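**Student:** The chain contents come next:
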Amino acid sequence: MADNDRGVTPSVDASLDSTLDSVDSAEELVLEIAGQAGVHEDDMHKIGMAVREAMVNAVVHGNRYNANKRVRLTVGVDSGRLTIRIADQGEGFDMSMLPDPLADENLLRQSGRGILLIRAFVDRFHVRRLEPSGTEVTLVKYLSQSA
Amino acid sequence: MSVKLTTRQVGDVTVIDAAGRITLGEGSSVFRDSIRDLSAAGNKKILLNLGEVTYIDSSGIGELVSAFTTVTNHGGSLKLLNLTKRVQDLLQITKLFTVFEVHDDEATAIRSFA
Chain A
73 MADNDRGVTP
83 SVDASLDSTL
93 DSVDSAEELV
103 LEIAGQAGVH
113 EDDMHKIGMA
123 VREAMVNAVV
133 HGNRYNANKR
143 VRLTVGVDSG
153 RLTIRIADQG
163 EGFDMSMLPD
173 PLADENLLRQ
183 SGRGILLIRA
193 FVDRFHVRRL
203 EPSGTEVTLV
213 KYLSQSA
Chain B
1255 MSVKLTTRQV
1265 GDVTVIDAAG
1275 RITLGEGSSV
1285 FRDSIRDLSA
1295 AGNKKILLNL
1305 GEVTYIDSSG
1315 IGELVSAFTT
1325 VTNHGGSLKL
1335 LNLTKRVQDL
1345 LQITKLFTVF
1355 EVHDDEATAI
1365 RSFA
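Chains as they are written, first to last, in our numbering: chain A, 73 to 219; chain B, 1255 to 1368.
Keep in mind that the hints were calculated from the coordinates and are not lab data.
Computed list of lysine to aspartate or glutamate pairs in DMTMM-like fashion (alpha-carbon distance at most 25 Å, straight line):
no.: 1; chain 1: B; residue 1: 1258; chain 2: A; residue 2: 100
no.: 2; chain 1: B; residue 1: 1333; chain 2: B; residue 2: 1291
no.: 3; chain 1: B; residue 1: 1339; chain 2: A; residue 2: 104
no.: 4; chain 1: B; residue 1: 1299; chain 2: B; residue 2: 1271
no.: 5; chain 1: B; residue 1: 1258; chain 2: B; residue 2: 1360
no.: 6; chain 1: B; residue 1: 1349; chain 2: A; residue 2: 166
no.: 7; chain 1: B; residue 1: 1339; chain 2: A; residue 2: 99
no.: 8; chain 1: B; residue 1: 1349; chain 2: A; residue 2: 195
no.: 9; chain 1: B; residue 1: 1258; chain 2: A; residue 2: 96
no.: 10; chain 1: B; residue 1: 1333; chain 2: B; residue 2: 1271
no.: 11; chain 1: B; residue 1: 1339; chain 2: A; residue 2: 195
no.: 12; chain 1: B; residue 1: 1258; chain 2: A; residue 2: 99
no.: 13; chain 1: B; residue 1: 1258; chain 2: A; residue 2: 93
no.: 14; chain 1: A; residue 1: 141; chain 2: A; residue 2: 89
no.: 15; chain 1: B; residue 1: 1349; chain 2: B; residue 2: 1306
no.: 16; chain 1: B; residue 1: 1258; chain 2: B; residue 2: 1291
no.: 17; chain 1: A; residue 1: 141; chain 2: A; residue 2: 100
no.: 18; chain 1: B; residue 1: 1299; chain 2: B; residue 2: 1359
no.: 19; chain 1: B; residue 1: 1349; chain 2: A; residue 2: 115
no.: 20; chain 1: B; residue 1: 1339; chain 2: A; residue 2: 115
no.: 21; chain 1: A; residue 1: 141; chain 2: A; residue 2: 163
no.: 22; chain 1: B; residue 1: 1299; chain 2: B; residue 2: 1360
no.: 23; chain 1: B; residue 1: 1339; chain 2: A; residue 2: 100
no.: 24; chain 1: B; residue 1: 1339; chain 2: A; residue 2: 96
no.: 25; chain 1: B; residue 1: 1349; chain 2: A; residue 2: 177
no.: 26; chain 1: B; residue 1: 1339; chain 2: A; residue 2: 114
no.: 27; chain 1: B; residue 1: 1333; chain 2: B; residue 2: 1266
no.: 28; chain 1: B; residue 1: 1339; chain 2: A; residue 2: 113
no.: 29; chain 1: B; residue 1: 1349; chain 2: A; residue 2: 114
Among the chain B residues that face chain A by a calculated CB cut under 10 Å, a handful are:
no.: 30; residue: 1279
no.: 31; residue: 1311
no.: 32; residue: 1312
no.: 33; residue: 1315
no.: 34; residue: 1323
no.: 35; residue: 1349
Quick caveat, the model's predicted, so the values are computed rather than measured.
All C-beta atoms in this analysis are idealised placements derived from N, C-alpha and C, irrespective of residue type, glycine included.
Using the sequences and the accompanying hints, generate a full structural model.
**Tutor:** Shown next, in the form of structure tokens:
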């Protein structure tokens, strides 16, 4: 398979529906690759959960379940790291405007913890706005840190 | 498998044994409806046994918080029992250990409602 434009050989490049079934599918696809890469079981759970949270954000908050919008999932293993990119076609969001879920006044909010969990479970997390619309999140887990 | 809830009564404490996944979708709505119904029926002492819960995502955590506020707003209290290591980690990450009273022994948990 050819290298993509960021030097990562993709193991998966999938276009997924904006449905909750896609959340499950993405988690399964990523964990299959992570398992092949020898990721430890505890880290498998963390990676799966981070992917799940990112996919829910893409499907629910990004594409808002719009059947005409897709979620692109790419997964690659390269240079000792697992790189996962999830891109939606939504209107985007401003990270700086998200309430801090750890602030005392927000502890009892029902939602708003997804990105906190992603950050906790992967080694690197990056968000970028796509043109003309959409958001791409990149999750990186260093394989050398999997015991 | 979405979450399966089994309710039993120990004295005046309602124990909910949860098993499976509490995630966005069916699992979380089943959980929400059950807690709301129990609270509306006047159950004020609720012990939620999460020992057989295999997976909770951020929506599931939100449901735990919602359950806590629902029960509290009805004048009751909701406590957690038998957290798995993964759920403990989630409560640490989200600082919700400061909100929930957590027990690892059912008899002690039951007595704590007195």
